[in-house]
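So the protein sequences, as listed, match chains U, F, P and W. First residue of the first sequence? That's 15 in the numbering used here, and the numbers climb one at a time after it. First residue of the second sequence? That's 15 in the numbering used here, and the numbers climb one at a time after it. First residue of the third sequence? That's -5 in the numbering used here, and the numbers climb one at a time after it. First residue of the fourth sequence? That's -5 in the numbering used here, and the numbers climb one at a time after it.
Worth flagging that the hints you see were computed from the coordinates, not collected in a lab. Hints are all accurate, no fakes.
With a Cα cut of at most 16 Å, we get these calculated EDC-like pairs of lysine to aspartate or glutamate:
1) 17(W) with 152(U)
2) 17(P) with 152(F)
3) 31(W) with 10(W)
4) 52(F) with 316(F)
Ranges between beta-carbon positions, derived for each pair:
5) 27(W) with 326(F): 40 to 48 Å
6) 269(P) with 300(W): 21 to 29 Å
7) 311(P) with 50(U): 43 to 51 Å
8) 27(P) with 326(F): 51 to 59 Å
9) 314(F) with 169(W): 53 to 61 Å
If you want a taste of the chain W side facing chain U, the calculated C-beta under 7 Å gives, among others:
10) 44
11) 46
12) 50
13) 54
14) 58
15) 88
16) 95
Cβ atoms here follow ideal geometry from the backbone N, Cα and C, with glycine treated the same way.
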Amino acid sequence: MTNLSPNLPPDKQREMLRKMLTIRRFEERASDDYLAGKIYGVVHCYIGEEAAAVGVCSALDHGDRIISTHRGHGHCIAKGADLKRMMAELYGRQAGYCKGKGGSMHIADFDIGMLGANGIVAGGIAIVTGAGLAAQMEGKGGVAVSFFGDGASNAGPFHECLNIAATWKLPMLYVCENNMYAAQTPAAATHALSDVASRAAGYGIPGVVVDGNDVFAVYQAAHAAVERARSGGGPTLIECKTYRWRAHTERRGQPDLRDRAEVETWMRRDPIAMLAQQLCEQGELDSAGLQAMEDEIAHALEAAVAFAEASPFPLPDQAVEDVFAS
Amino acid sequence: MTNLSPNLPPDKQREMLRKMLTIRRFEERASDDYLAGKIYGVVHCYIGEEAAAVGVCSALDHGDRIISTHRGHGHCIAKGADLKRMMAELYGRQAGYCKGKGGSMHIADFDIGMLGANGIVAGGIAIVTGAGLAAQMEGKGGVAVSFFGDGASNAGPFHECLNIAATWKLPMLYVCENNMYAAQTPAAATHALSDVASRAAGYGIPGVVVDGNDVFAVYQAAHAAVERARSGGGPTLIECKTYRWRAHTERRGQPDLRDRAEVETWMRRDPIAMLAQQLCEQGELDSAGLQAMEDEIAHALEAAVAFAEASPFPLPDQAVEDVFAS
Amino acid sequence: MRELTYNEAAVEAVAEEMRRDPKIFYMSTDPIPPLLKEFGPQRIKATPIAEAALTGMGIGAAGSGFRPIVDWRQVTFCFVAMDQIVNQAAKIHYMFGGQVTFPILFRASVGGGGRIAAQHSQSPYSMFMNVAGLKMYLPSTPYDMKGLLKTAIRDNSPVISFESGRLMTSKGQVPDEDYTIPLGKADVKREGSDVTVVALAWLVHEALAAAETLADEGVSVEVIDPRTLVPLDADAIRSSVQKTGRLLIADEAGPTAGFSAEVAAVVTEDAATFARLNAPVRRVCALQVPIPYSPVLENHVFPDRNRILAGIRELLAR
Amino acid sequence: MRELTYNEAAVEAVAEEMRRDPKIFYMSTDPIPPLLKEFGPQRIKATPIAEAALTGMGIGAAGSGFRPIVDWRQVTFCFVAMDQIVNQAAKIHYMFGGQVTFPILFRASVGGGGRIAAQHSQSPYSMFMNVAGLKMYLPSTPYDMKGLLKTAIRDNSPVISFESGRLMTSKGQVPDEDYTIPLGKADVKREGSDVTVVALAWLVHEALAAAETLADEGVSVEVIDPRTLVPLDADAIRSSVQKTGRLLIADEAGPTAGFSAEVAAVVTEDAATFARLNAPVRRVCALQVPIPYSPVLENHVFPDRNRILAGIRELLAR
Ligand SMILES: Cc1ncc(C[n+]2csc(CCOP(=O)(O)OP(=O)(O)O)c2C)c(N)n1
Ligand SMILES: Cc1ncc(C[n+]2csc(CCOP(=O)(O)OP(=O)(O)O)c2C)c(N)n1
Ligand SMILES: [Mg+2]
Ligand SMILES: [Mg+2]
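Using the sequences plus the hints, can you model the full thing?
What follows is the structure in structure tokens.
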């Protein structure tokens, strides 16, 4: 792994691990509860990709804004969303972030600059580019980050927005989480080149490929891009090479056509295990510390589930509220 | 100008000049007739850019397919459309290519592989990419060409299609006619880089910049791209640097915000005068020959106008025909 | 006859047509496994997520002699391709004076009920009905699905096959032999004399259930399934209303400028039908809101047999 | 009061609001010269031709505290942005549980008459009416334009300002002082007692001309201009029809699942109004075809005062 640790306070390094672990445990629970029928609709798990969200968001300030995709839990947690309200949303309850109207694909928390998970592939790229424009107009040095997948990188908005951001020098990070698949379709079948980052050159902006399972490598690339953006240098395209461990969506009997050997190779490069090991080797964590972290997270998750279960379902009539702003 | 002439039979060189001159005279007439109220709606002139259409189409076979933009007369004529039916269409008559339903922005002739002018910026790129896919599936070595402007190169379909064509190795030419403006907006204000061709690298395909006023340079680039496409090598992006002499549309009192000096500099690089001069210098044309060509074109245009005027207007009830295929 | 699901009927229709006509090919972001297996990746193309490009490419291939099927999958995903649908597919045959045909089939699943929230639960067919130049249908049974889909694939104009997400696994009898159902012909799913219910897709079944309940009470409900949305079989609807004098329209979409509004207009603008109409027209539709995620909310938004029942009772009380 | 054109009234409304509120900025592929001159390129942004991006960026900026105006110019060009309109702008406030507002105004000119053929001549507002979560209006006079546009800019939801291409240079009186017109309020453009004409934009004027002609014959026509399409002032329309007993709807759009269908439904589903309706509802709309280029054809496609007159006469004959 990248040896960045000297530059980062140990607290921050542990916090990165804690966030990544929280994402993983949250989703394991969400998946269980989904299969148990307590969570509805569709759930896309981010497990295996935690270093991307956490590496990038660790380079951001509270006032910076991000947008996510259909696979949004990781970005929410990395940006600091409240597990209780997330879980309540998955449970379809009034106390959820969206009052039960959104569910897994639409969790947002504008107070922390999380502009929402988004169910349309590439649908969020333009929206968050507008947040980058807002940051530029505000003139307070804010940046905005678009997370999207390898699949989304082939859609029109990717191009339109990178060009606008480059031309207007918007303070943007475009973070492609290249997990090598769009649902069942391999990226190799839909991309002429294996590196999405190579498209950056066409807009005259930096295009960086990083090991998306190495949280420090991601952090380092994001940090440089954030500096550049804050100082008026314009956008950067960062491609995190990573992998999702699970099928495209959680579903009983959902087929996963990927090569088992490929999956296992990637699982051996578990971003969380790699980070935990490094922190242990650096002496910043020991197994007791790790266990304490696990316990704390388990505790927080139990509290989140209890909160969700205690929250009432919406009343039927609330379906007609929030169509228009009051 | 590119000294390509040795490779091209003199007849073909003269034919290129004749086509370019035909485009220019056709549009001068169309503009006059538009201002005289005989042609309706909106007319976008291609004058000044003739070398692009003719250079590319001269590298194509009859069975190859092209698509055009709102500025379509040049591509029609370069691909071999009938002036009579074009003029009748502009006049809104039954004998027009579209029976008076299309007008200037929608002239098509599928028999000669001209898949239509198209009023939506970037709207034709995907359609002609489908023609390229058809050519690939037919397996007879056909190619397809997308003509579009610098403005269109910033729209989503440009990206989606270049990526698909590159990935599937479609026999395509993407020809960007960079006339430096999209309506009133300068390309410099909307493109991060001045060369649209630099975007090709992101798809792993050749991106070629040519002097779009040098018909042989355009021909040479197109010819190489066609060879590549026919032999399964996939698409090429060709950027023709050129300039439109007129305002965005023909309209009385239409403002042209461009710098007069810029316009004049480009007018001094008249693609037609440059070609005529080269042919004269090479001894393949003399002023009598040029005059004969002018006369012939004038004659053809008069015949086209006469044909248009002799053709009846559609009957009102024909408005309800052709909604669906019979 | 065999029993097939709605989804199986669709796949069978596509497969049979593809066997028949080598000019047909299929594009979608995630290929359907049995089609991929039978026809291979040349004819069943897995594409990038670029529905605008796919739609346009389908149009271009259609204009070049092929018969593409572009599967948008959920209707939601076709909005990125809306320019190609509205400005190209619908108009291109007309604006070029009919010089070539564009035989292209689009597939799109519609509807809600899956707890997948606003972006993934939509029934926007009336937006497409409003665009001149597109044919479209929405079947309610496996039988209708197969017959309409085959007709649509053979049609020389762009056709949209709207398909109900709720009905994908519903079963029904489908003949062994080749058959087609013409576009533009409604089907009387139940005959009756007291009230006409015009319903689509899932709501045909809800309407039939309501009709069953009312039959016990001596009320005779006619259930008309238009099947095709464009061209709409106005005659069939009008004849039925002329007979019953009462009309209820049941639609999983919201009412505003919807299919339901069009049916109301088609009935009330016809003098002969208007003359026999004894009660106000009734629309039993989804609430005019985006579709929410939580089951309590989602259930509240959609119409069902109970709301149809209540609606019919109100009409009869007049 | 001064006389302004419809277009000038719109530009004045935008300029006044921009002076008032520094959070407003404007994006379009070709800036409007007087706005650019007054507010400069930072607030009047010339953009690439990328309407999907602009629309999405407007949404994101709105959710970040700004009040963007996104000018699509011709409605035709917004179809490339349809995903952002339907799946994002319309749903985002709802699906996020209302946690922030998205004050964004979209401008789009509609209609035909310019001989610019199918792609550039469209009146697809009913497609947007069908989508829950969008407000929209279509004014018929400079006065209404300015008042509605100012209200829309101040609204905290996405609003679409549909503007009639035919009326851009038409003139009318506009007050000197600041005023607004609420969304959702119809305007009775002429009072009458024998028949109600509900008309939009240019057809308001055609309807008024027809009413004038009929007045000479002793027929009293009420002309209602709904102005706002969503929320539609159903009450005003119903009251008028309850008074006159007859309804004609005049719309430059095609009828199918159109605004005209919605008005027909709104009237005929209301028991009190239906009870007073003495004649079938009549739609006088464009023919349901793409708009052709040639003047003969284009003129034939669109409704006008003569078709309104003929329609009213038929209604009165019943
Ligand atoms: C416009 C659009 N087309 C299709 C889909 C269906 N869909 C949902 S997720 C997905 C794959 C996305 O792949 P990628 O962008 O790589 O993200 P990942 O799932 O790998 O994180 C597809 C095709 C969609 N949501 N939106
Ligand atoms: C999607 C879309 N947006 C806007 C327009 C309006 N429009 C017509 S031509 C044009 C400029 C096109 O510029 P470019 O692509 O460079 O072609 P050029 O006119 O220079 O040949 C614009 C903005 C349109 N036709 N389509
Ligand atoms: Mg992926
Ligand atoms: Mg240009």
